[in-house]
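**Q** Now for the letters of each chain:
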Amino acid sequence: MNFDFSDDQKQLRDQARKFLTEKCSPKTVRVVLDGKAPYDKELWKGLAEMGFLGVAIPEEFGGAGAGHLELCVIAEEMGRANAPVPFSSTVYLAAEALLIAGSDAQKKKWLPAIASGEAIGTLALFEGKGNPAPKNIKLTAANGVLNGVKKPVADGAISDFAVVAARTGSSGRDGDISLFLVDLKAGGVEVKSLTNLDPTRGQAEITFKDCKAEPLGAAGEGWSILTQVLDRAAVLCAFEQVGGSDRALEMGRDYALDRIAFGRQIGSFQAVKHMLADMYVSATLARSNSYYGAWALSTNAADLPEAAAAARISATQAFQHCAKNNIQVHGGMGFTWEFDCHMYYRRANAMALGLGSLSYWEDQLIDHMRKKNAA
Amino acid sequence: MNFDDTPQEAEFRSLARAWIGANAPKQYEEELRKSSLGRTQLKNANILEVAKAWQKKKADAGWACLHWPKDYGGRGASPIERVIWQQEEGAFGKLSGMFIIGHGMCGPTMMAFAREEHKRSYLPPLASGEKVWCQLFSEPAGGSDVAGLRTRAEKDGDDWVINGQKIWTSGAHYSDYGILLTRTDPTVPKHKGLTMFFLDMKSPGVEVRPIKQASGASDFNEVYFSNVRIPDHQRLGEVGDGWNVSLTTLMNERSAIGAGVSTGFPELFEYCSSLMLDDGPAIEDRAVRSKLANWAVKASGLRYTSMRAISALSKGERPGPENSIGKLVAGSMIQDVATYALDLQGASGVVSGEDGELAGRFQAMLLRAPGTRVEGGTDEIMRNIIAERVLGLPGDIRVDKDVPFNKIPTKGR
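Residue numbers (the numbering used here), protein chains in the order written: chain A, 78 to 452; chain B, 828 to 1240.
Keep in mind that the hints were calculated from the coordinates and are not lab data.
Backbone N, C-alpha and C fix where the C-beta goes; we use that ideal spot for every residue, glycine too.
Worth double-checking, as some hints may not be accurate.
Claimed, not checked - Quick list of simulated restraints, FRET-style, between CB atoms:
| # | chain 1 | residue 1 | chain 2 | residue 2 | range |
| --- | --- | --- | --- | --- | --- |
| 1 | B | Ser1175 | A | Ser434 | 50 to 58 Å |
| 2 | B | Asn829 | A | Ser102 | 33 to 41 Å |
| 3 | A | Ser102 | B | Arg1216 | 24 to 32 Å |
| 4 | A | Glu327 | B | Glu944 | 44 to 52 Å |
| 5 | A | Ala379 | B | Glu1181 | 38 to 46 Å |
| 6 | B | Asn829 | A | Thr98 | 43 to 51 Å |
| 7 | B | Arg1113 | A | Val108 | 55 to 63 Å |
| 8 | A | Ala451 | B | Arg1225 | 21 to 29 Å |
| 9 | B | Ser841 | A | Ala378 | 36 to 44 Å |
| 10 | B | Arg1225 | A | Gly408 | 48 to 56 Å |
| 11 | A | Leu274 | B | Gln1040 | 47 to 55 Å |
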């Protein structure tokens, strides 16, 4: 047993941190936050040049062919920097769906373009309120064309292609759902940007009108593929959330050391110290759960669904906890647009919903624990 | 990152499994499996005797105190081998409860500070469970403020003469030896006037009185010292250096990480898996599932945090104050878990003991739980440790820090 990242992986993390410290300062994040750009194109290009976009994509498809553990350490740094780029949609969702279910031709078309930064991709799953569930998918696919509306779609307005979950049957079973690959630049779609909690990561509504689409994976296998994609993305997002938690905790700690009130550093008051200690506890539990998720992901262990749900719940809670208390430590200044605290608060709360809310993942966790116990 | 056993670890595991399979007291396994915080007795046997017999059997076969050097009664095993052993020992590991203080704290302190001849004579019977040790730190005037203790040690020839009182001493009533923190110089600031000893608990002048706890049970004691004589060669560390010696003890307590703290989660999950509520199985109820999931990730988070610590330990890194989170999280969690289990029982949750649900398992847990948030450092002390030693926040303002101990104001004493 060795429950830690290797020295090479830690080195990669340091490299990613150094790169993002230089190229993704809060000032550059604010360009997107203030609506002056839909995402940071320069940063996206840089991430491609560093090989980060294709780190888990096999070499034959233009990637670095490293693996998911390497992707986890990069994800942590992306979360820490609050990077305003479509990394999770493209890399955790679209690329993973292609890796799991794509034909050789589909992989050849899209994966090298993802690795090189030329193509942005996303997953179009949700249709309004509700968590991931076959019954919530109403968009239809028939004779190779899609009709329906997806909302919200993360990074939908800047995506070149989307993996779309569609209804191809009406038996009431998981087999009613199939996945499709849509070139969003080829017509048949209408894209509308939506205001959302976290302007550094866009959300869109996409209307498909007799839109041409090619199947991704076998017909009726959509739900099974989707749950695998969501499990993988849950682990990878958990690392972003862990990175964000750590950064929010550090910001709070630094401010508590710096700010003087009542003639003392506010970090010398137990009410503040204990609040920060509790943030550390959440962040540590989240990190440990995420490490187990990383191991399960990298080995494709039978435990992956349970590990992914645990990482997801723990990291979601930690990031929300650290982000909100970071504002509290900062007092009034934390509630200004000028201070960076709200960027993490926004990101934490948007991420808490992106792959389905906590109640979905709580159900996943308990279902898988029950199955394991029964076995 | 790898969760699987290496070939050597797999070999160690099968060796341990085979030995445990052939030697463990299986007649108690089911009962031990069902025991939990607040209820650790055996119905038809004295658990102390069963525990001592199991420990001796392990020691004779080289399975006691795995991480200790062989010369002192251990096996010289790696931290990971220790974890593997604990996984394989399973429910029988609950029999180690009475030895935790001795093996986790007293032994390592003796190893670091006792004379070689004392180590060779005292440590092997401690490892084998033939002799039980306790730790005499807390006092009525020094709980969280341990360094505020008042038990005096005065030099008289080659002996020290001890007078005073300790409190909350786990297992003093069945202990043969103890490590004792005393004040040898009240004229210097409080941390500087302390000295550590070990002593025979049967020494004349030692009186042990059990404390009846809020739970009704008596796991702890008051210990009174009246002119107890301890020879100077039983001093641990320098005169006046007792605080540093005690920090070694406490640091080792943290490195006893593999021991694992009880969260109550496995008990609650098992309970909810078979419990029927008015509207159907508890495990299918949305509210129950949400509670379980939230506790599940705390329990797994603690488990994996300790595995990360063990990985660091096996690479030669020192266990740090990060490990304070285990008790902090588990302490309040087990209290909440017990409260929730009773809530699920409705009005009948009030019935404790044999007539209660699951023979009062969660009722006993509820009544014992407040102690877990206090013993070994209160939740508040744990948060201070994390805030100061991990996050680097300023220490609390200590008005008595540079004041000679005998000039610190006291009230009513």
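**Q** Does each hint fit the structure? Answer for all of them.
**A** Going through the hints against the structure:
no.: 1; hint: B/Ser1175 x A/Ser434: 50 to 58 Å; verdict: 35 Å, violated
no.: 2; hint: B/Asn829 x A/Ser102: 33 to 41 Å; verdict: 36 Å, holds
no.: 3; hint: A/Ser102 x B/Arg1216: 24 to 32 Å; verdict: 31 Å, holds
no.: 4; hint: A/Glu327 x B/Glu944: 44 to 52 Å; verdict: 50 Å, holds
no.: 5; hint: A/Ala379 x B/Glu1181: 38 to 46 Å; verdict: 41 Å, holds
no.: 6; hint: B/Asn829 x A/Thr98: 43 to 51 Å; verdict: 30 Å, violated
no.: 7; hint: B/Arg1113 x A/Val108: 55 to 63 Å; verdict: 42 Å, violated
no.: 8; hint: A/Ala451 x B/Arg1225: 21 to 29 Å; verdict: 55 Å, violated
no.: 9; hint: B/Ser841 x A/Ala378: 36 to 44 Å; verdict: 22 Å, violated
no.: 10; hint: B/Arg1225 x A/Gly408: 48 to 56 Å; verdict: 26 Å, violated
no.: 11; hint: A/Leu274 x B/Gln1040: 47 to 55 Å; verdict: 49 Å, holds
When each numbered hint is compared with the structure, violations occur for hints 1, 6, 7, 8, 9 and 10.
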